[in-house]
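Asks: The lines below spell out each chain.
Number of protein chains: 2
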Amino acid sequence: MKHTLTTILLVLSFLLTGCGASLRGVGDMGLVIERASGSIKVVETTNKTILGSVKGLGDLSHASAVYSRDGRYAYLFGRDGGLSKIDILTSTLVKRVIQGGNSIGGAISQDGRLVAVSNYSPGGVRVFDATTLELVADIPAVGEDGELSKVVGLVDVPGQKFVFSLFDAGEIWIADMSNVAAPKITKFKEIGEKPYDGLVTPDGRFYIAGLFGEDGLALLDLWNTEKGVKKILTNYGKGEKKLPVYKMPHLEGWAIAGGMAFLPAVGRHEILVVDTNTWEEKGRIPVHSQPVFAMGRPDGRQVWVNFAFPKNDTLQIIDVQTLQVVKTLKPGNGVMHMEFTPRGEHVWVSVRDLDRVEVYNTDSFERLSALTVEKPSGIFFTSRAHKIGL
Amino acid sequence: MKHTLTTILLVLSFLLTGCGASLRGVGDMGLVIERASGSIKVVETTNKTILGSVKGLGDLSHASAVYSRDGRYAYLFGRDGGLSKIDILTSTLVKRVIQGGNSIGGAISQDGRLVAVSNYSPGGVRVFDATTLELVADIPAVGEDGELSKVVGLVDVPGQKFVFSLFDAGEIWIADMSNVAAPKITKFKEIGEKPYDGLVTPDGRFYIAGLFGEDGLALLDLWNTEKGVKKILTNYGKGEKKLPVYKMPHLEGWAIAGGMAFLPAVGRHEILVVDTNTWEEKGRIPVHSQPVFAMGRPDGRQVWVNFAFPKNDTLQIIDVQTLQVVKTLKPGNGVMHMEFTPRGEHVWVSVRDLDRVEVYNTDSFERLSALTVEKPSGIFFTSRAHKIGL
Numbered sequence: 011m012k013h014t015l016t017t018i019l020l021v022l023s024f025l026l027t028g029c030g031a032s033l034r035g036v037g038d039m040g041l042v043i044e045r046a047s048g049s050i051k052v053v054e055t056t057n058k059t060i061l062g063s064v065k066g067l068g069d070l071s072h073a074s075a076v077y078s079r080d081g082r083y084a085y086l087f088g089r090d091g092g093l094s095k096i097d098i099l100t101s102t103l104v105k106r107v108i109q110g111g112n113s114i115g116g117a118i119s120q121d122g123r124l125v126a127v128s129n130y131s132p133g134g135v136r137v138f139d140a141t142t143l144e145l146v147a148d149i150p151a152v153g154e155d156g157e158l159s160k161v162v163g164l165v166d167v168p169g170q171k172f173v174f175s176l177f178d179a180g181e182i183w184i185a186d187m188s189n190v191a192a193p194k195i196t197k198f199k200e201i202g203e204k205p206y207d208g209l210v211t212p213d214g215r216f217y218i219a220g221l222f223g224e225d226g227l228a229l230l231d232l233w234n235t236e237k238g239v240k241k242i243l244t245n246y247g248k249g250e251k252k253l254p255v256y257k258m259p260h261l262e263g264w265a266i267a268g269g270m271a272f273l274p275a276v277g278r279h280e281i282l283v284v285d286t287n288t289w290e291e292k293g294r295i296p297v298h299s300q301p302v303f304a305m306g307r308p309d310g311r312q313v314w315v316n317f318a319f320p321k322n323d324t325l326q327i328i329d330v331q332t333l334q335v336v337k338t339l340k341p342g343n344g345v346m347h348m349e350f351t352p353r354g355e356h357v358w359v360s361v362r363d364l365d366r367v368e369v370y371n372t373d374s375f376e377r378l379s380a381l382t383v384e385k386p387s388g389i390f391f392t393s394r395a396h397k398i399g400l
Numbered sequence: 011m012k013h014t015l016t017t018i019l020l021v022l023s024f025l026l027t028g029c030g031a032s033l034r035g036v037g038d039m040g041l042v043i044e045r046a047s048g049s050i051k052v053v054e055t056t057n058k059t060i061l062g063s064v065k066g067l068g069d070l071s072h073a074s075a076v077y078s079r080d081g082r083y084a085y086l087f088g089r090d091g092g093l094s095k096i097d098i099l100t101s102t103l104v105k106r107v108i109q110g111g112n113s114i115g116g117a118i119s120q121d122g123r124l125v126a127v128s129n130y131s132p133g134g135v136r137v138f139d140a141t142t143l144e145l146v147a148d149i150p151a152v153g154e155d156g157e158l159s160k161v162v163g164l165v166d167v168p169g170q171k172f173v174f175s176l177f178d179a180g181e182i183w184i185a186d187m188s189n190v191a192a193p194k195i196t197k198f199k200e201i202g203e204k205p206y207d208g209l210v211t212p213d214g215r216f217y218i219a220g221l222f223g224e225d226g227l228a229l230l231d232l233w234n235t236e237k238g239v240k241k242i243l244t245n246y247g248k249g250e251k252k253l254p255v256y257k258m259p260h261l262e263g264w265a266i267a268g269g270m271a272f273l274p275a276v277g278r279h280e281i282l283v284v285d286t287n288t289w290e291e292k293g294r295i296p297v298h299s300q301p302v303f304a305m306g307r308p309d310g311r312q313v314w315v316n317f318a319f320p321k322n323d324t325l326q327i328i329d330v331q332t333l334q335v336v337k338t339l340k341p342g343n344g345v346m347h348m349e350f351t352p353r354g355e356h357v358w359v360s361v362r363d364l365d366r367v368e369v370y371n372t373d374s375f376e377r378l379s380a381l382t383v384e385k386p387s388g389i390f391f392t393s394r395a396h397k398i399g400l
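If you're matching them up, the sequences are chains A and B in order.
Note that my numbering has the first sequence beginning at 11, numbered continuously upward.
Note that my numbering has the second sequence beginning at 11, numbered continuously upward.
None of these hints come from the bench; they were simulated from the model.
Just so we're clear, the structure is a prediction, and the values are computed from it rather than from any experiment.
Treat the hints with care, since some could be wrong.
No copy labels: a pair is met if it fits in one copy or bridges any two.
[What the hints assert, rightly or not] No farther apart than 25 Å at their CA atoms in a straight line, the calculated lysine to any residue pairs in the SDA-like style are these:
| id | residue 1 | residue 2 |
| --- | --- | --- |
| 1 | LYS105 | GLY156 |
| 2 | LYS237 | GLY269 |
| 3 | LYS292 | ASP148 |
| 4 | LYS105 | GLU291 |
| 5 | LYS240 | ARG34 |
| 6 | LYS321 | LEU400 |
| 7 | LYS237 | GLU376 |
| 8 | LYS58 | THR382 |
| 9 | LYS65 | HIS298 |
| 10 | LYS58 | ASP121 |
| 11 | LYS337 | SER188 |
| 12 | LYS58 | ASP139 |
Throw the hints in and build the complete structure from the sequences for me.
Replies: Following this line, the structure appears as structure tokens:
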């Protein structure tokens, strides 16, 4: 009996310790994708530590994540079509489904009840219940040409809607999910050749698709959809000798700051500056190499830029007021992604080839910390739960 | 022995139940101030329920709150100078100090380590360690006139700084807290008569103080402080017959949306529309009565306005694109405050005289839910943890 008692006390203490460790706010937490090993590290930004690890998440060579509205659950979209729901408070995999053949991104609805995944194969969008991961809607992306199209640039926007682009068909669709049983689809056709990615401005108003098959980008004003899709920056790239493109830049990385958008130019060693009132080009900023992400510090004062292989050892920081590069950092080969703490005092940087995530002070550019993470790529903090289009 | 075992099992089950209840994400949580009873209700917005209650918080007749960077702890600033730290995961009061004679607001530093409180008496700002609530810096507000001044409009801005206004002295100060032991104060003198409140734009760039003693407002560009404070909207109110002011509007309630700021006009039945590029008046929108808060839906498409006594039973919704009032709601007497869910699908409204917090869908304006809360006033969701200046 004494033995039983001891056992019970041990179990009790173990359970309470576990419980105590998990009882914490999720507001300063996040995850880092370990692209080579199909795992993630759960991190926190207050003391800059690793809290846990979750394995068995499939092919994460091109993965992204969104968060539940309470910030507790991350939904991870893998290259292999895997959709994983992770509890970051306990570092456990809650559920994993293979939802498609080749997924490249996802989004969570405004109310947090639906998770949407865009697929290359079969081309379309699948919508899942955020709690159970049960399929609740399937939207095959059959374009005007009658063929299934790859889907890219999927984002959530206000009004319980998702917006996405059909790569092969050259269309932009809005799916209103207010009634899950009967999604209402609005289609915009002939929006341009081969939209390869899309983004929505932080207010959820302007959806922009980058075009691979022609110059310029496609712009849709979601407050005035009756006006249709408009082509912008049509002179961008025109008549110029194109450079080889080592890596397509991510549009999600557009920085919107001070009435300007900062766009990584495809194939060029430049950041394009666009006036967000007129959507006309306002200038170009020469940078180190081909930019991949151009991300705005939360206060909009700086834009941080990383670069494509083989010059991916560098970060450059642009001052938004002067439009000048004010700092160049060389963290090491394979600078894959940056994520700012929610109020912008620090930035976390994945340095793949050093198996390291580095943390910098964004004012002094001092390196504050380095965490060991296996081949880190995307970094996603829980503050994304509260953002439109992320 | 059997009895002991039963007791242990009961304790175990009790503890684990308590533990399980607390293990949750804080991202969808918040608090509602019960102004008459010195208590708060802890709430969550996913299922729209009350999770707990915390009492013994002193005079909350004019209280506000900020959150720790992990979203777990709320810091409550009471009229009686009380500073309370509340654990919203467990609904417990962690610590409470009476830090001054009459506090009217507070802020948390960019890095989350410092909580600052502004006081009428003794006039100044006191800065506390966010973990322990120990006093770490005291900044008496002695103006150019050599007297202690009431402090108003305290906000946090990037670079570990606080900005605030001296009511009696007519000054704006910036306190750089990078070195807590030696705060660096920058003073702007003769900024205008009797600044009564202040705000900072969501990007943390422009600090604006409302002036009670003269027409217009004082604007400080924190990116270019060498240019000093500039007077804006100097024609606002000038030469017009002033209406009696039933309640000073809150500047914190300014909505910034679509390159415009929406400002509740002091004493007038109007919302002023200001161009945020030029800071010149762009128009006025006639409304129901004297506005108190004008709050922008997170996507910037709508501005919700409540009103001063005796017409405080009403809410009006302005469409930002057309600058028209598109909806008038009558929740009941004492509509004190509104708070949007982080991505804007719902708004929570305090209806004091009905002892009720109501939840509305912001698209359909349908009332979704009503919670019983005793004399509710301010509503503060944890998403504020990630915002600059809130």
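Asks: Which hints, by number, does the structure contradict?
Replies: Structure breaks hints 1, 3, 4, 5, 6, 7, 9.
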